[in-house]
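Trainee: One letter stands for each residue in the lines below.
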Amino acid sequence: MKFSYNWLRELVDGLDTAPAALEKLITMKTAECEGIEATGALLETACAARVESVEPIADSHNVKAVVDAGRYGRKTVVCGAPNCRPDVISAYVPVGKKVIHDVESDGMLASGAELGINRDHSGILELESQVGAPIAGCLPDHVIEIDNKSITHRPDLWGHEGMAREVAAILGRKLKNPVRTDLLPSGAASIAVEIKDLDLCPRYSALVFENVSIQPSPLWLQRRMITIGLNPINNIVDMTNYVMAELAQPMHAFDADLLKGGTIFVRRAHPGEHFRALNFEEYTLDPSNLVIADASGAIALAGVIGGLDTAIGGTTTRVVLESANFQASSIRKTSAVIKLRTDASMRFEKAQDPANTTRAIARAIELLQELSPGIRISGGVADRKRDVPPPPPIALPLAWLDRKLGRKVPAAEVREILDRLEFGVAEPAPGVLSVSVPSWRATKDISIKDDLVEEVGRMVGYDSVTPQPPLVAAAPPPRNLARAFQHEVRAVFVDQGFTEVYDYSFISEGAARRFGFDPANHVRVTNPIASDQELMRASLLPGIWHNILENAKHKDAFRLFEIGLEIHKRYDDGLPDEVPHLVAAIYDRQGRERLDGAVGLFEIKRAAECLMPHARVCPAAAAPYEHPARAADVMWRGERVGRMFELHPSLIESGRAALLDLDLRRVEVLSGSEVKYAPIRRFPSSAFDLSVIAGLREHASKLEDSIAQFAGPLVESIEFLRQYSGAPLAEGQKSVSFRVTLGSADRTLSSEEVSLIRARIIDGMRGMGYELRV
Amino acid sequence: MMLSTSMLDRSIQELESRSLARIASAKTREDLEAARVEALGRKGGLNQFSKEMGKLPPEERKRIGALLNAAKQNLEAAIEARERTFAEAALNVRLDAEWLDLTLPAPGPRRGHLHPITRIQRELEELFSSLGFAVLDGPEVETEYHNFDALNIPPDHPARDMQDTFWLESGNLLRTHTSPVQVRGMERFGPPLRMIAPGRVFRNESVDASHEHTFYQLEGMMIDRDVSVAHLIYFMKTLLAAIFKRDVTVRLRPGYFPFVEPGFELDIQCLICGGSGCPVCKQSGWVELLPCGLVHPNVLRMSNIDPEQWNGFAFGLGLTRLAMMRYGIDDIRQLQGGDLRFLEQF
Ligand SMILES: [Zn+2]
Chain A
1 MKFSYNWLRE LVDGLDTAPA ALEKLITMKT AECEGIEATG ALLETACAAR VESVEPIADS
61 HNVKAVVDAG RYGRKTVVCG APNCRPDVIS AYVPVGKKVI HDVESDGMLA SGAELGINRD
121 HSGILELESQ VGAPIAGCLP DHVIEIDNKS ITHRPDLWGH EGMAREVAAI LGRKLKNPVR
181 TDLLPSGAAS IAVEIKDLDL CPRYSALVFE NVSIQPSPLW LQRRMITIGL NPINNIVDMT
241 NYVMAELAQP MHAFDADLLK GGTIFVRRAH PGEHFRALNF EEYTLDPSNL VIADASGAIA
301 LAGVIGGLDT AIGGTTTRVV LESANFQASS IRKTSAVIKL RTDASMRFEK AQDPANTTRA
361 IARAIELLQE LSPGIRISGG VADRKRDVPP PPPIALPLAW LDRKLGRKVP AAEVREILDR
421 LEFGVAEPAP GVLSVSVPSW RATKDISIKD DLVEEVGRMV GYDSVTPQPP LVAAAPPPRN
481 LARAFQHEVR AVFVDQGFTE VYDYSFISEG AARRFGFDPA NHVRVTNPIA SDQELMRASL
541 LPGIWHNILE NAKHKDAFRL FEIGLEIHKR YDDGLPDEVP HLVAAIYDRQ GRERLDGAVG
601 LFEIKRAAEC LMPHARVCPA AAAPYEHPAR AADVMWRGER VGRMFELHPS LIESGRAALL
661 DLDLRRVEVL SGSEVKYAPI RRFPSSAFDL SVIAGLREHA SKLEDSIAQF AGPLVESIEF
721 LRQYSGAPLA EGQKSVSFRV TLGSADRTLS SEEVSLIRAR IIDGMRGMGY ELRV
Chain B
1 MMLSTSMLDR SIQELESRSL ARIASAKTRE DLEAARVEAL GRKGGLNQFS KEMGKLPPEE
61 RKRIGALLNA AKQNLEAAIE ARERTFAEAA LNVRLDAEWL DLTLPAPGPR RGHLHPITRI
121 QRELEELFSS LGFAVLDGPE VETEYHNFDA LNIPPDHPAR DMQDTFWLES GNLLRTHTSP
181 VQVRGMERFG PPLRMIAPGR VFRNESVDAS HEHTFYQLEG MMIDRDVSVA HLIYFMKTLL
241 AAIFKRDVTV RLRPGYFPFV EPGFELDIQC LICGGSGCPV CKQSGWVELL PCGLVHPNVL
301 RMSNIDPEQW NGFAFGLGLT RLAMMRYGID DIRQLQGGDL RFLEQF
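Residue numbers (this note's numbering), protein chains in the order written: chain A, 1 to 774; chain B, 1 to 346.
Think of the hints as simulated: they come from the structure by calculation, not from any bench.
Built from N, CA and C at the ideal position, the CB exists for glycine as well.
Careful: at least some of the hints might be erroneous.
Derived DEER-like restraints, expressed as beta-carbon distance ranges [to be verified]:
no., chain 1, residue 1, chain 2, residue 2, range
1, A, Lys196, B, Leu271, 57 to 63 Å
2, A, Glu639, B, Gly108, 36 to 42 Å
3, A, Ser750, B, Asn47, 48 to 54 Å
4, B, Glu33, A, Ile680, 57 to 63 Å
5, B, Ser210, A, Ala520, 48 to 54 Å
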């Protein structure tokens, strides 16, 4: 929302605070200013000047003009405007001397656009003033831009009057009332209004004008429009925009001669009702939309936009001026559904003050007398409304206010602040104020005493509050074990050389398919930002896969991990299941971690074991994205907790990636078991080595399990030593060596016992068909 | 043969000095051993003299015995000294041979790196834990109720426009802020309550160097009796001093958020220019950092807390923003980009 500093000065008595200082005060006490901008600087020195003679310049469309520029004297200027002709009175600006086409031009004749009066670039401004006179009503100004978000809750600040009231309150000055309600005609209205739904339209006021002439607005009004970022259109439209910008009350003008019947209806749209709007769009409406209608159908979409069929135009002579109040949420809904936000809808959806409708009409009457000479009012104001009793006053205990702010504000000061903001204040009992809320703050903004804390707080200034530590119980906060665990996991993986990445929670259908996931099993975003971000990730793998490919463009070897949430389409309590996962990857193009990829896989296995001591890996059928001969379940404490695998070569062009994917929710549960101390054994253990000859693709873990089974309860450990294949072993055979350690907690094993167990293992393994080297 | 004692004396002296010379000139352990055997061996010279001692008169025997002993000790000491020099030399040779280029890099992977958001987040979790705040989590997929209604943002409230929302087919949404965790915290623990909730949030807006649809916030809340604006400012100043590791000047100005009343924007004096104005603070001298306020009574009521008995403050800290300020990151997309050339700097 743009505010004109000059406009505020008209409304605040004696305002002399400079724009920059004022901006700061508004930011600190009312709403956030986004910036301040000087406009129309040329108007400072511009004056009316008569063109005395015009002379063409060879090989140029420009002319050399001699002008009588009043106090600046006679000047020669080069001008390119088609309307630069003798005797025309235009605006001269002394911008300095410049040589154009070998002619010295001293100053310039300016267009409306150049001066900041309108958007007209087609020629120089034509005036009817005395030579030497400034351009009436057009002055340099400053635009203070307020962040719209910061006035979402303040319907009154969508007009200059509201902001002027704030400024007056901040500076302790008097606010001038721009409205003369005495201008409102009494008597019977010459148009009837019928409101079918008083919830959606609490008030509708209208007035008919005759003998209207549609013409351009005077320059001062055009300049105002430009200053606040609107385009000047014609006197009627500019007037409604002016009133809206001043009083925050949107208005609309219908061509009265184009209305069917003598009644304006405010009703819900019929199902499928068509409406042609001023923006040349055609809308199909339903009963959730409120329309203004005449006997033949919708003539405006209430609070959003007027209709094309009843729009005023060059030939309009009779006008119905609408000044209404609509329910905020209904306007917001309609404007959202038809995707059209207008200056009107933006204001109505903030809940405007119903008391303002006739004030706006009074202001319009005053303006139209100047803007459309000869205009006549026809009849009185049609005014239909629901009578709403004013809200009851709010009890404001002053001690409570002080406790909330954390500082004392003297009663007199509180009263003065509220009074300046035009609240009604009484003190029926000592220490408790009774505060009545003015109508423009009562629609939505202020209804409870907490709202008044803000009014007082911002006016005394929050910098007047001394920071103070609270007195609270010294209790340790409840621990967040899941989070602490995840931080531990991060520490483990960072120590093992992995760098943490954050990936998006969205994946594309394509990525899901690439991994063999069914898109139908994913939670779908109904309004994705792009088509490649339409599914919620049910796996962290597509994300880290993307990271691997991207980083492989710059690096030969690296390690990555992410901890994030998988979002699964199974609902509990209405929400999808969110499962924290860890994915980690080791990428190697070749070289250090060797081309065959085994080192990467064992490194990632080692990292997994750092997190989960004695975790085991059980080869299992591969998913489509996994190397079919290098994929396994990760088991810990008897439970499947994740996968370890090499990325399928079809997903990676060069190099190899070893991946780990763990369900951290399970791992956290399993890691919770308390450590129990076992006494250190006092009796020496005995060890012997065994080599098992097995098929090349036998799993060492299976051999180890078998040995353990035959060894029985006295086994302390079975340690893999090495494996070997090649001569003298037969083709397709390997030898796997283990060291078996036996021991007992209460005695030293005799050599006979050890031999017996050793023989039992050898016999057992041979019984399973394995040859043994012992 | 009967040697005169004077001849015996001389022979012992001669053997001793000959052997000493040989020990001194031994080049190897073998040379030294040969010299030892010759002088001290069972069949060595000194033993030969001992045999002959028996033939001497007792006082002479005593004198020659002492003489032999002294010679033996001298020789043993000389051998020992010589052995020591050999050992030292051998050690020196070994040590020299073991020269190692310690400037070579250590094998194995280098330590990895935590994500910059993780780093900041952990720091703040620790700070708030030390101040007695619980660290809470909430789901990333939220109900409309927790994300909006329970925070005093009913349907059709214009504030919903401030937060472009991703909606899911189930009617749920991706949380647009971490504030719903306030509601979950109040539901779970009731008053009094001190909590923070760091986490990932989503807004449906196009991505460029300064906008992301995925970013990180830290929500904080304190509910107790008679919590005031003064307490809020105290906590915010403590928080910011810890974050920036120096005292920061703050200002509180009105800000509108439906779940607080009064609501504030907390600005800090620009750390780049110290308040005199620069491009970072858009010449204003202040940087907007923290929306905060006293918890709206409607929010308390909706979570079954009596606003006449309890009240509190809440704030929302942009972790993404903070990380960018702390590390001077000029492109927000880097944070989700997974580029090691970026991540390895932290
Ligand atoms: Zn600065």
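Trainee: A/Glu639 and B/Gly108, beta-carbon distance inside 36 to 42 Å?
Mentor: For B/Gly108 against A/Glu639, whose Cβ atoms are near 31 Å apart, the range 36 to 42 Å is violated.
Trainee: How does the Cβ-Cβ distance of A/Lys196 and B/Leu271 compare with 57 to 63 Å: does it lie in that range?
Mentor: Holds: the Cβ-Cβ distance is about 59 Å, inside 57 to 63 Å.
Trainee: Can you let me know if the beta-carbon spacing of A/Ser750 and B/Asn47 is within 48 to 54 Å?
Mentor: The hint (48 to 54 Å, Cβ to Cβ) holds, given that A/Ser750 and B/Asn47 are roughly 52 Å apart.
Trainee: Is the distance from the Cβ of B/Glu33 to the Cβ of A/Ile680 consistent with 57 to 63 Å?
Mentor: The hinted range 57 to 63 Å is violated for B/Glu33 and A/Ile680, with Cβ atoms some 47 Å apart.
Trainee: Given the range 48 to 54 Å, decide if the beta-carbon distance of B/Ser210 to A/Ala520 lies inside it.
Mentor: violated (36 Å)
Figure legend: structure checked against the earlier numbered hints; hints not met, in rising order: 2, 4, 5.
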